[in-house]
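Asker: Listed in order, the protein sequences are those of chains W and A. 284 is the number of the first residue of the first sequence in my numbering; add one for each residue after it. 284 is the number of the first residue of the second sequence in my numbering; add one for each residue after it.
Just to be clear, a hint being listed does not mean it is correct.
Pairs involving identical chains hold if they fit within one copy or between any two copies, as the list cannot separate such chains.
[Claimed, not checked] Straight-line C-alpha distance at most 35 Å; calculated DSBU-like pairs for lysine-lysine:
(1) Lys-355 / Lys-443
(2) Lys-376 / Lys-355
(3) Lys-376 / Lys-443
Since the hints were made in silico from the structure, they are not lab data.
2 protein chains.
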Amino acid sequence: MSSLFRNLLFTAAGLLVTSLAFGKMAQSGSRSPIFGIRLPPNYREWRVISVAHEAGSLNDFRVILGNEVAVKAFRSGRRPFPDGAMIARLAWKYVPSARNDAIFGQTQSFVAGDPINVQVEVKNLGRYAATGGWGYGQFENGSANPSETLIRTCNACHGKLPQSDDFVFTRYAP
Amino acid sequence: MSSLFRNLLFTAAGLLVTSLAFGKMAQSGSRSPIFGIRLPPNYREWRVISVAHEAGSLNDFRVILGNEVAVKAFRSGRRPFPDGAMIARLAWKYVPSARNDAIFGQTQSFVAGDPINVQVEVKNLGRYAATGGWGYGQFENGSANPSETLIRTCNACHGKLPQSDDFVFTRYAP
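Isolated chain W, as found in the complex (with noise of 0.2 Å):
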């Protein structure tokens, strides 16, 4: 191999790794349609509001976070949320565990798997007048996904849930 063409593919390979790396940045750094939220860079440290296991064809195991303003609403009972109430939904395949149940002496064992996504909403009437105060954002690999048609699907569900509760799905589990 010439000396020219060894630096042009070190060249090149060295492009494609940076490119790949901004790539990932913008990423992580992406917006949600029509609500432009960002994935908090810390939810992964907040604190647990409860669990929730979805059957069927999602067939998830899901935790809910929340940011000292979302909790301390959550343990206070205060409804509705105040501004930068920030809820984030981990949900990760609902998978046997084989280990777990060898252990018991029987089947029935179920673990958190691969990760799915994550949903976020951020409490803030005057942004959100049109969803109830909230806007949504799915993240999937730190990625907001881009599609609006499963953005809208968010405040459609959330929307049928009762104004007493702020459109909010989860209870807090003492």
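Use these hints to put chain A onto chain W, whose structure you have.
Answerer: Only chain A this time, still in chain W's reference frame:
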């Protein structure tokens, strides 16, 4: 009602309230048998490690939380866990949500019901050498369950896990 009798009644009621309050305080500081573990006062603020569902006769929903030391070890993959690592397993009843099912248009939604108990494990290789370096406690309504028979079942089960997992069931869910 005579004034003397009324005063006696008030005094008795006051004593009852006082003793109930002290009883509650004593309970919430109570320690598990054998291991002498208290419920950490801030465990509900800890970060999420993962979730689980134990079906069958238990039929509970679980979230596993960790203190700073434990979370750091989970995220870095460090095993065995260093001394000071604490893991809390919260369990609630696993209940269907008729409200959610009505909104989703199908039977699929399970949520956390009433709290059942909290189990805590604390790593201290010197103190708990006989049980793989882990001490255990189970708490109902903040009070340590006083059963020695029960507390012996913790290590009886955890001890069946491979030493490479440091006898911990849960894997970190990203």
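Asker: Which holds for Lys-355 with Lys-443 at a C-alpha limit of 35 Å: within a copy, between copies, both or neither?
Answerer: Classified as within; 24 Å inside a copy, 40 Å across copies.
Asker: Can you give me the call for Lys-376 and Lys-355, within, between, both or neither, at a CA distance of at most 35 Å?
Answerer: Answer is both: 29 Å inside a copy and 24 Å across each meet the 35 Å cutoff.
Asker: Using 35 Å as the alpha carbon limit, work out where Lys-376 and Lys-443 are close: within a copy, between copies, both or neither.
Answerer: both (26 Å within a copy, 26 Å between copies)
Violation of the numbered hints given earlier is absent; every hint is satisfied by the structure.
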